[in-house]
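Student: Numbering (this note's numbering), first residue to last: 1 to 208.
These aren't lab readings, by the way, just hints derived from the structure by calculation. Keep in mind it's a predicted model, so treat the numbers as computed, not measured. There may be inaccurate statements among the hints.
[As the list claims (entries may be wrong)] DSSO-like mimics (lysine-lysine), calculated; alpha carbons at most 27 Å apart, straight line:
#, residue 1, residue 2
1, K171, K11
2, K11, K129
3, K171, K127
4, K129, K199
5, K199, K11
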Amino acid sequence: MVSLINEQWNKLPVSFYERENAIVIASALIGKILITQIGGILTAARIVETEAYNGITDKASHAFGNRRTARTEIMYASGGVSYVYLCYGIHHLFNVVTNRSGVPHAVLVRAAEPVAGIEEMLKRTGKKKVDYSLASGPGNLTRALGISTAYNGISLTGNTIFIVADDFTVKTSEIMATARIGVDYAGEDALLPYRFILKGNPFVSGKK
DNA sequence: CTGACGATTCACT
DNA sequence: GTGAATCGTCAGC
Numbered sequence: 001m002v003s004l005i006n007e008q009w010n011k012l013p014v015s016f017y018e019r020e021n022a023i024v025i026a027s028a029l030i031g032k033i034l035i036t037q038i039g040g041i042l043t044a045a046r047i048v049e050t051e052a053y054n055g056i057t058d059k060a061s062h063a064f065g066n067r068r069t070a071r072t073e074i075m076y077a078s079g080g081v082s083y084v085y086l087c088y089g090i091h092h093l094f095n096v097v098t099n100r101s102g103v104p105h106a107v108l109v110r111a112a113e114p115v116a117g118i119e120e121m122l123k124r125t126g127k128k129k130v131d132y133s134l135a136s137g138p139g140n141l142t143r144a145l146g147i148s149t150a151y152n153g154i155s156l157t158g159n160t161i162f163i164v165a166d167d168f169t170v171k172t173s174e175i176m177a178t179a180r181i182g183v184d185y186a187g188e189d190a191l192l193p194y195r196f197i198l199k200g201n202p203f204v205s206g207k208k
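Construct the complete structure from the given sequences, taking the supplied hints into account.
Tutor: Given below as structure tokens:
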């Protein structure tokens, strides 16, 4: 675990994000480490839960029907940048933009297991002690890592927010696909198995 | 310009 | 288990 903290990050390359299938990328992100260096402090957490938002035919996506607005514009960028937006007026949700320029696919990161900078996460979230909820749930995750809408549209291959791989591997059999959370308005598409979790991991956010 | 609502969380019953 | 908080975004007038 300590070996994670070194200078030689094995960052995921742009080619990882530019692939055409957001579902593949969402499942591939399980077990990777999301790192932020914000306010001069490094925090890192291993991703255990993601959701794919699969472009203009996905009713749950903000870009459904090729809707293009100031907010969704960043989803049309080429893969490898962040999409951060505000939900319920309070919560910042962090997404990874995928696919080619002009194709609005994205992956929402919903939960992660803290691995570094835990003291800072406690400070940011106002929690007294470490528990499973520290970076579990999309709102908690962004709070713990210090991500806000100020970081919308930045490159994930820079040094502020990025994702790295280490020697931690996840077997395909350990990844479970389920329906996405909080997208009941999407009709049939709400049932699509586009949510990926690391089976049995206690940091996965709870179902409602 | 106005109003309705959400890729959620937390406190409280 | 239930409901309030809270504000940017978007559609409609």
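Student: Work down the list of hints and note, for each, if the structure agrees.
Tutor: Comparing the hints with the structure gives:
no., hint, result
1, K171 with K11, "holds, 20 Å"
2, K11 with K129, "violated, 30 Å"
3, K171 with K127, "violated, 33 Å"
4, K129 with K199, "holds, 25 Å"
5, K199 with K11, "holds, 24 Å"
Hint compliance for this structure: hints 2 and 3 are broken, all remaining hints hold.
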